[in-house]
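Construct the complete structure from the given sequences, taking the supplied hints into account.
Those protein sequences? They're chains E and B, same order as listed.
1 is the number of the first residue of the first sequence in this note's numbering; add one for each residue after it.
1 is the number of the first residue of the second sequence in this note's numbering; add one for each residue after it.
Since the hints were made in silico from the structure, they are not lab data.
Accuracy of the hints is not assured; some may be wrong.
To be verified - DEER-style ranges, computed between Cβ atoms:
1. Phe232/E <-> Phe14/B: 48 to 54 Å
2. Phe232/E <-> Arg66/B: 54 to 60 Å
3. Ala115/B <-> Gly306/E: 27 to 33 Å
4. Phe126/E <-> Gly227/B: 53 to 59 Å
Stated by the list, open to error - Some chain E residues close to chain B (C-beta under 8 Å, calculated; not the full set):
5. Ala164
6. Arg184
7. Leu186
8. Ile200
9. Asn234
Claimed, not checked - One side only, chain E facing chain B, incomplete, derived with CB under 10 Å:
10. Asp191
11. Ala195
12. Ala197
13. Thr203
14. Arg204
15. Gly255
Beta carbons: idealized from backbone N, C-alpha and C, even for Gly.
Chain by chain, the residues:
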Amino acid sequence: MKVERGRDLAKITWGSLAILACTAAMAALPWLGVTSYVRTLVYYGAYFLALGQAWNLMSGLTGYVSFAHGALAGIGAYAVVLALNADLPMVISLLIAAIAAGLASLIIGVTSLRLKGTSFTFATLFLQELVLLLVRKLPFAGGPGGIVLEEIFPLWLPHVLMIAVAGGATLLVLVFRRSRTGLRVLAMRDDEAAASAIGIDATRVKIVLFCASAAIAGLTGAVHGVFASSLFPNEVFSIDLSIIALAVPLIGGAGTALGPVLGAVIYVGLREILQVLAPNLHLTIVGVVLLLVILFMRDGIAPALGRLFRLKDRRGQVPAIAEVRA
Amino acid sequence: MSGILTVVDAHKRFGGIHAVRGVSLALNSGELLGLFGPNGAGKTTLFNMIAGLYPPTSGRIELASRDVTREPAFRRARAGIGRTFQVCRPFRGLTVAENVLAAIPPGSGVGDDRARAREILDAVGLLPKAEDAAGSLTLGMLKRLEVARALALEPKLLLLDEPLAGLTASETSDLLGFIQGLKARASIILVDHNVRQSLGVCDRAIVMDAGAVIASGSPDTIRRDPGVRRAYLGESAA
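Put into structure tokens, the structure is as follows:
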């Protein structure tokens, strides 16, 4: 047990240091003379990573699949633009965006997370559509024509903020997953009835996690709102973003801190290639990649690589695919 | 001896099925009560009502004089009811040690809790398996892990749901000895369909059939009860 504890601490320490170093390096890109193309790629990688980690914190750790993270990010984007246009400071506006998304998550979380099974997933799909309909009807949100951020901010600002949100979300998942509460959440994911029998209030845990996860999605959307400056409801609340939010961790490895990082890199890479080769098919092809990962790597690339390296360590040679899957 | 559990006139209906019919029982501190009956007798339904998996349709359940009738399972666990499941339900994604650690109520600090998890695993004989995946254990070990997880709650009352089912003869003998030793830690209700096998370790027993109690008393009383002998022990059993 002490060895295990030591191993846990070492993993958290080295993982945290790696995340902080990568975050600092990526955040410094605007001042390092890299091309705007590379900066944009890194920005979108961080955007999808932050959104993927937000989804991961709830759905990856509890097993309750959300289709609302795109909508929650959209709520954050609208909230920040409305707040900034009302001349509120940036920090307050970002805070409002996170709180708005958190509150929206409570609407469906409090009702559907008392139930098991697919109720939550259907409720999140409902939220996604409901928010789109509502925003298109709200005059102060610009209706179907959308809204525009009145003040133009320097491009480095959303870049640095997005990298910070992505790094922070990754760090949060890394530390939380190895905490006592994280352990109890993983137990709950395995068997909710057995978790209740050891004193875990599963409903409360799920609601709190969904709320925290929504706040991160809202913050991510808010930063992207500052980056994009113009918000159109059909784009902001498109189901595509919710699908990307779940595809990124599922490809990389849901429930792990590293998984969404790999997923985001793969997704951004695929997106860049496919935008040239098959511009309208990129989500379809991402879907195919996701299916292949589920078929051949069960729980994503990161856990599959983990098993591969463990076997390699043990035997000093690369195992057959069949052994890795076993 | 002080009362740990009191069940008063508990009924449970599932639609048209009357699964438990007016069962009352009392359990004292340090007592091991056997709850027997054939499949469909209502013992697991009664057991699940005590554990809080579902509330009784009518009646009252008290734990150490506190009315817990309408409290959900997680509150009853925090109040001191530890349970095992008929079909083992380990947290398969966690190690054996993590299964126990997850059950220790948070608050005493991670370092102390890990030491406690180690002690509990040692007590149930699973310490050498501490770092193994819970899903890799044999059935006998899984039963012990379930008991270890329940003990991590420091329960006043331990509910053991058919812990002997599926075990070999030597595993059964080991586990019965172990269960008898647990009386020092908690009061126990042991559910089993095999009266002959488990009665030897019980202080008292209740036998159910068709949702109602048909016999109760000391192991000797149960052994001598003609209805129980006819139904469960066979006429040749003495």
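Consistency of the hints with the structure:
Hint check: Phe232/E to Phe14/B, Cβ distance near 52 Å, so the stated range 48 to 54 Å holds. Look at Phe232/E against Arg66/B: about 58 Å separates their beta carbons, and that is inside 54 to 60 Å. Range check, Ala115/B to Gly306/E: about 28 Å between beta-carbon atoms, so the 27 to 33 Å window is met. Checking the proposed 53 to 59 Å range against Phe126/E and Gly227/B shows it holds: the Cβ atoms sit about 56 Å from each other.
Taken as an interface hint, Ala164/E does not check out: its beta carbon lies about 29 Å from the nearest beta carbon of chain B, beyond 8 Å. Contact between Arg184/E and chain B, as hinted, is supported at the beta carbon level, the nearest pair being about 5 Å apart and thus within 8 Å. Because the beta carbon of Leu186/E sits about 6 Å from the nearest beta carbon in chain B, less than 8 Å, this interface hint is met. Here the hint on Ile200/E is kept, as its CB sits about 6 Å from the closest CB of chain B, short of 8 Å.
The beta carbon of Asn234/E is not positioned within 8 Å of any beta carbon in chain B (closest approach about 40 Å), and the interface hint is therefore violated. Interface restraint check for Asp191/E: the shortest CB-CB distance to chain B comes to about 5 Å, inside 10 Å, so the restraint holds. Proximity of Ala195/E to chain B holds as hinted, the smallest CB-CB distance being about 8 Å (cut-off 10 Å). At its closest, the beta carbon of Ala197/E sits 5 Å from a beta carbon of chain B; the interface hint therefore holds under the 10 Å criterion.
At its closest, the beta carbon of Thr203/E sits 9 Å from a beta carbon of chain B; the interface hint therefore holds under the 10 Å criterion. A least Cβ separation of about 9 Å between Arg204/E and chain B falls short of the 10 Å threshold, and the interface hint therefore holds. The interface hint given for Gly255/E is met, as the beta carbon of that residue sits about 8 Å from the closest beta carbon of chain B, less than 10 Å.
Checked against the numbered hints above, the structure breaks hints 5 and 9 and satisfies the rest.
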